[in-house]
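Visitor: Sequence:
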Amino acid sequence: MPKPTELDDSRFATEKRSFDLQRVIVKIGSSLLTNNGKGLDRTAIYEWASQIAKLHNQGKEVILVSSGAVAEGLVRMGLEERPKKLEALQACAAIGQMGLIETWSSALIQSGVRSAQILLTHDDLSNRERYLNTANTLHKLLSWRVLPVINENDTITVDEIKFGDNDTLGAMAAGMVSADLYIILTDQDGVFTDNPRENPDAKMIRQERAMADYLYDIAGEGGKLGSGGMLTKIRAGRLAAMGGCPTVIANGSLDKVITRIVDGESVGTLLQTNQQDKIIARKQWLAAHLRMSGTLFIDAGAVHAITVQGK
Numbered sequence: 001m002p003k004p005t006e007l008d009d010s011r012f013a014t015e016k017r018s019f020d021l022q023r024v025i026v027k028i029g030s031s032l033l034t035n036n037g038k039g040l041d042r043t044a045i046y047e048w049a050s051q052i053a054k055l056h057n058q059g060k061e062v063i064l065v066s067s068g069a070v071a072e073g074l075v076r077m078g079l080e081e082r083p084k085k086l087e088a089l090q091a092c093a094a095i096g097q098m099g100l101i102e103t104w105s106s107a108l109i110q111s112g113v114r115s116a117q118i119l120l121t122h123d124d125l126s127n128r129e130r131y132l133n134t135a136n137t138l139h140k141l142l143s144w145r146v147l148p149v150i151n152e153n154d155t156i157t158v159d160e161i162k163f164g165d166n167d168t169l170g171a172m173a174a175g176m177v178s179a180d181l182y183i184i185l186t187d188q189d190g191v192f193t194d195n196p197r198e199n200p201d202a203k204m205i206r207q208e209r210a211m212a213d214y215l216y217d218i219a220g221e222g223g224k225l226g227s228g229g230m231l232t233k234i235r236a237g238r239l240a241a242m243g244g245c246p247t248v249i250a251n252g253s254l255d256k257v258i259t260r261i262v263d264g265e266s267v268g269t270l271l272q273t274n275q276q277d278k279i280i281a282r283k284q285w286l287a288a289h290l291r292m293s294g295t296l297f298i299d300a301g302a303v304h305a306i307t308v309q310g311k
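Per this note's numbering, the very first residue in the sequence shown carries number 1; after that it's consecutive.
These are computed hints drawn from the structure, not numbers from a lab.
Where hints are given, some of them may not hold.
With a cut-off of at most 20 Å between alpha-carbon atoms, the simulated SDA-like pairs for lysine to any residue come out as follows [claimed, not checked]:
#1 LYS140 with THR155
#2 LYS256 with SER266
#3 LYS38 with ASP299
#4 LYS60 with THR259
#5 LYS203 with GLU265
#6 LYS256 with SER111
#7 LYS38 with LEU79
#8 LYS256 with SER126
#9 LYS60 with SER178
#10 LYS140 with ILE118
Here the structure is a predicted model, which is why all the values come from computation and not from measurement.
Whenever a hint applies, use it, and build me the whole structure from the sequences.
Guide: Here it is in structure tokens:
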């Protein structure tokens, strides 16, 4: 696998992209949704809603994954600092979720789009029956031309409120509904070969296979981009690729960013997928939703069957 300094020019090319799109997942993170911790940026939300409505009115099916409940809850309660105790964070999430869904509902209905709220936890999706029920609900809402707005149910979760992220949740949703494109909007322009704040020669990678291992070297905790915020997005892109869904990581502050991406403009970083990356639906669920809870010892024949024969 090449190192960032050995990449050919095709990774940095800005030619127009071609998508065959019917179903799109759009994930927007807290850093974009909130005014520097001062609550929801309603002006930005209404702008994104108008772009999403444009896709909806073109006959496309859109699912929105939105963070921001805890941040909105802090503002509604007049808290200047994020609580350290779990129950306080969960309470803030409960309060803020009201404002979050109210804002999205109002913004979307203004553009003529009906919406529905879906709150999920990892446990919901790790249970096969509840996973399938969730998928069926999403498909029914889409068939009714209702736009699902998904968020993690931080009010009742423990691990998710500490370590979970909606990048992964969006990738899981992409697999559930066999999405054609997953868009992750963040406060970064895309994936770079190095930290652009520290290295003026860093280049933005315009396109790469989602499964390219060197992306982890760039974005991992031990890599040059530091904290791992981009790492979760690359992991999510890899997870989406298992379902045959490409991912675009782009700056949500760019003008008309959602419609520009869907129209094929070379915005952000495209993590591509191919037929080799895709696995069957049940294996996607096993890979994405089940947590390890023991150790399995297998012989060499079983290793060969799994890794070579795909059994």
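Visitor: Now, for every hint given, state plainly whether the structure supports it.
Guide: For each hint, the structure was consulted:
1. LYS140 with THR155: Given that 20 Å is the threshold and the Cα spacing comes to 26 Å, the pair is violated.
2. LYS256 with SER266: With a Cα-Cα distance of about 13 Å, the restraint between LYS256 and SER266 holds, given a limit of 20 Å.
3. LYS38 with ASP299: violated (56 Å)
4. LYS60 with THR259: holds (12 Å)
5. LYS203 with GLU265: holds (18 Å)
6. LYS256 with SER111: holds (15 Å)
7. LYS38 with LEU79: Given that 20 Å is the threshold and the Cα spacing comes to 10 Å, the pair holds.
8. LYS256 with SER126: violated (36 Å)
9. LYS60 with SER178: Cα-Cα ~14 Å, so holds.
10. LYS140 with ILE118: Within the cut-off at roughly 13 Å; holds.
Checked against the numbered hints given earlier, the structure breaks hints 1, 3, 8 and satisfies all the rest.
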